[in-house]
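Visitor: Next come the chains, spelled out residue by residue.
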Amino acid sequence: MKTRRIENGIVTAFTLLAAACWVFPLYWAFVTSIRTDENVVAKPGLLPDQFNLSSYADAIFNTKLMIWYLNSVGTAVIVTAVVIVISMMCAYALSQIRFPGRRLLYLVVLASFMIPAQALVVTQFILMNDIGAINSWAGIILPQLIVPVVIIVYKQFFDAVPKEMREAAVLDGGGEYTILFKVYLPLNWGITTALAIVTFIGVWNAFFWPFLVVTSEDMMTIPVGITQVNDAFGVAYARIMSVAMLAALPVVLAYLIFQRRVTEAVMISSGVKG
Amino acid sequence: MAMLENRRKKNLVALSMVAPFVIVFAVFFLYPTLKMFELSFTNAPLIGDGEWVGLDNYRRLLGDRIFKTSLWNNAYFVLLTVVPTTVIALGIALMINRLSGRLQALVMVLFFLPYVLPVSVVTQIWAWMLDFQFGVLQPVIAVFVGKPVAVFKNPDWVMPMIAAVTIWWTNGFNVLLFIAGLRNIPSELYEAAALDGATKRQQFRRVTWPLLWPVTALVLTLQLILQLKIFDQVYLLSGGGPFNSSFVLLMQVYREAFQLNHGGYSSAVATVLFVLIAVVSVLQFQLLRIGGRR
Numbered sequence: 220m221k222t223r224r225i226e227n228g229i230v231t232a233f234t235l236l237a238a239a240c241w242v243f244p245l246y247w248a249f250v251t252s253i254r255t256d257e258n259v260v261a262k263p264g265l266l267p268d269q270f271n272l273s274s275y276a277d278a279i280f281n282t283k284l285m286i287w288y289l290n291s292v293g294t295a296v297i298v299t300a301v302v303i304v305i306s307m308m309c310a311y312a313l314s315q316i317r318f319p320g321r322r323l324l325y326l327v328v329l330a331s332f333m334i335p336a337q338a339l340v341v342t343q344f345i346l347m348n349d350i351g352a353i354n355s356w357a358g359i360i361l362p363q364l365i366v367p368v369v370i371i372v373y374k375q376f377f378d379a380v381p382k383e384m385r386e387a388a389v390l391d392g393g394g395e396y397t398i399l400f401k402v403y404l405p406l407n408w409g410i411t412t413a414l415a416i417v418t419f420i421g422v423w424n425a426f427f428w429p430f431l432v433v434t435s436e437d438m439m440t441i442p443v444g445i446t447q448v449n450d451a452f453g454v455a456y457a458r459i460m461s462v463a464m465l466a467a468l469p470v471v472l473a474y475l476i477f478q479r480r481v482t483e484a485v486m487i488s489s490g491v492k493g
Numbered sequence: 002m003a004m005l006e007n008r009r010k011k012n013l014v015a016l017s018m019v020a021p022f023v024i025v026f027a028v029f030f031l032y033p034t035l036k037m038f039e040l041s042f043t044n045a046p047l048i049g050d051g052e053w054v055g056l057d058n059y060r061r062l063l064g065d066r067i068f069k070t071s072l073w074n075n076a077y078f079v080l081l082t083v084v085p086t087t088v089i090a091l092g093i094a095l096m097i098n099r100l101s102g103r104l105q106a107l108v109m110v111l112f113f114l115p116y117v118l119p120v121s122v123v124t125q126i127w128a129w130m131l132d133f134q135f136g137v138l139q140p141v142i143a144v145f146v147g148k149p150v151a152v153f154k155n156p157d158w159v160m161p162m163i164a165a166v167t168i169w170w171t172n173g174f175n176v177l178l179f180i181a182g183l184r185n186i187p188s189e190l191y192e193a194a195a196l197d198g199a200t201k202r203q204q205f206r207r208v209t210w211p212l213l214w215p216v217t218a219l220v221l222t223l224q225l226i227l228q229l230k231i232f233d234q235v236y237l238l239s240g241g242g243p244f245n246s247s248f249v250l251l252m253q254v255y256r257e258a259f260q261l262n263h264g265g266y267s268s269a270v271a272t273v274l275f276v277l278i279a280v281v282s283v284l285q286f287q288l289l290r291i292g293g294r295r
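Residue numbers (our numbering), protein chains in the order written: chain A, 220 to 493; chain B, 2 to 295.
Simulated from the structure, these hints should not be mistaken for lab results.
Note that the Cβ used here is the ideal one computed from N, Cα and C, for glycine as well.
Check the hints yourself; a few may be wrong.
What the hints assert, rightly or not - Which chain A residues stay away from chain B? Per the calculated CB distances, all over 10 angstroms, these:
id	residue
1	K221
2	V327
3	L346
4	M384
5	K401
What the hints assert, rightly or not - These stretches of chain A come out as covered by chain B in the derived footprint (C-beta under 8 angstroms, 3 or more residues):
id	segment
6	254 to 264
7	430 to 443
For reference, chain B alone in the conformation it holds in the complex (with noise of 0.2 angstroms):
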């Protein structure tokens, strides 16, 4: 009997200690993707109730070019970034891990800075670097093409300027974790093979590299993921323009949702985006523990 009470009590007390996270997860996510499943079932404006039109939202979705627009500029997004920020990242963690003591503290800080400032600070800095009459990298510009171009305005050049400064921002992050990656790896690996004759490049290929694969592989993912989920920047540096051409999924949830009070539609469209990360995180996810985490 007093061991009953025992347990019901650790039961209680365990209970209010999870308490308040699964209540405030149950009511401010859980609920909120119920509910967007719901409504993407429906024609209800933002706010207010709607009609159950089953899948009309997602046919006409087929049918929307704007959504197949979005589609296809955060595909060029992930393109344009995924890929080039980890090798930049390798590359700057390479670099900075030959450097030792107060240096290379220096180094680091200077990498990671941009990572820890606010989106619209970012935008803004870039927006004035890149001014079309005073910005201070125009001349750069006209170097190449032989004149100064209003970049954020220029269908060709908004989405790789856009993945430029979104790499410069975010960068840090990924340079922490292959420098994490590159502290892991045994020293004792690197004296082997220089003793059986490696040189520096076989050693990369040889040791570093495969060594390094699932920090790589972690850092491939989790840009595709936060990647996909891309608005900020775009927003704030060209509003998905000019003529859409930087117009991706969430700024179409946002403009349908509170432009164009199209709740029902709007859910539909992140529907999609919610999938579609969510398919990538367990890929992610299964890809860790096939690399032995977790």
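Just chain A, same shape as in the assembly (with noise of 0.2 angstroms):
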């Protein structure tokens, strides 16, 4: 029994180094960005040994930072406000009423999984293009707004409310949509957070389609703008890592206070957990 006990302790004691070097990337990045970048370039040690915020000033104010978080923020909850609606409804159509072409358009759903978005980006530029959104929060947004799995993940739990608080609900003279936002989104509120979440650090981190829609540095989302301070910068990694450290903050903070619905929304979007 002792040997088992030591042999805890020991795994234990792996496990923790494991997640120690595993996280030992930003805390260096961290480290970094609170250093002179004369002092970086001097190869201090692991520890901490200094705290100036003088790169972060930098950063603010002599890039378009600010900017290109107003580009993320406003894009971001655009996306997720009308990902969530557009897919909640149709979940709740496909879920909940009896219409010509609902397996159809539910196949439809299930088969626009495989499509590969990165593949359609010449066409969808083209597409902005013709339409005039080359350069502008449009452009960002519309091609974004298709997430397939939200519907999916809310057919499941729209089909899982019980049929009585439905039918209690038509007898009481509700129509469908009221319905649907007085009782079926007040019982999933819990996932409808999970989602949002999930949809709002994905849409803040996408940097494939913002790239190739955007060319101007004003309409530029963080995770792409970013790329532009290295350039301008040249070799500055205090600078470049206080940018980072910025540019990371609003998805890290969203994930620690949201943690137990990101791991929920995770583990049920995949099907692993119902």
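Got two chains here, separate frames each, mind docking them using the hints?
Guide: This is the structure:
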């Protein structure tokens, strides 16, 4: 029994060591960001030896970081809200209303899983050009509005709502929209927040499409914009790491605050937990 | 009559609920897909019309050395990431599963954290970690090969290093799936196995592994699809170089369309990628059905 406990202790210690190594790059990026550039190239040790925020100030005042923040927040919030609402309505109709074409539509949703959006960028770009949406929020937003998995998850949750709830609401004379927003949505707030957060993180982090559709620095989102800082700064790692920290901050905070919800959403949307 | 009226009204309500999704899907997804197929048979530039050239673009692909390099690099990248990340994620999930309470939650957060970062943050951090002159990992590399290496400028190092960065970034997702899978295994099975005198190793082989197989299959196929679509990390870390040694399919789509102004040819490359991923996805779907899901 005693050897078992020692063995357990060793495995736990190893796990913690592995976890520490795994987050080391983040730690190192942070430590670098609070040093001065002169100190960084002098190769100091692994422990923080300085608390200097000048490179953060530099990043905030001498780059377009704040404009990129605005673009990221704006587009990510709009995409998230629209995705949640249109997916919820579509899933509700698929789950609760019998209408012609219902099965076909569900098949289309399932099939759209298999469409790699990345392969469509060329023709999506041409389309955006045709409607004059290059270098605009609309251009960033529109092709990101399809997230089939949100529909699938909502449909599963709506399917699981007891039929009596719906019948009672129908007897009360509620229309479908009333039933959805007054009964089904309140019953599913948990999964709604979970889906909204992972959608938000996903859109905030989107790189390839915003990178293609935006060429003007003033319209860039955070993940695209910060690569410009790289070019502008040359080798100035303290400043580059400060920018990286600021770019990651919103999603890291969103994750840490809603950690359980994110975990739940990841597990549910990949089908390993019903 | 009233019933017919009623049904019509119901259909209209349903239509109004699905319409936003259907319209967005048709305009921004379906249309570009069909347009991509069409364009791949023309010699159109990125913006503007072209002429119908039949299968010329596809014929050209067969002799295109960069296309072959890209295909090979995509395959190489899949090889470098898919199985390794699955094995690593399973190992980490097993380690986390032994812990409990707050410690478990903390360790899970630490392993998952990189996954929520934007790709450009990830690449900037790793470009710094592996910087030729000042990178904190260069002494580690020097221990193994005797000297520092400019990893993203070296044809032999570039793909494995991008793969390593990718695994670090995305592995947390797979860890979560494995943890969910492990939690789904009823603890009675372990108790029964222990009563029958099964050792830990036997328990893993006879209980954990078979019951975890559906999740493992899911992780493998999800990763396969994800890694076929690789672009961001490569573009940001190596730009496809040196000497095209990290050039991948999506990068060829990008270069042909946006740098060389070959809309038609680029669409042909995109179509190949599209079909490749669609086939893998259908296989995945079948696999999941056999696994008894959905």
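Visitor: Flag every earlier hint the structure violates by its number, smallest first.
Guide: 2, 3
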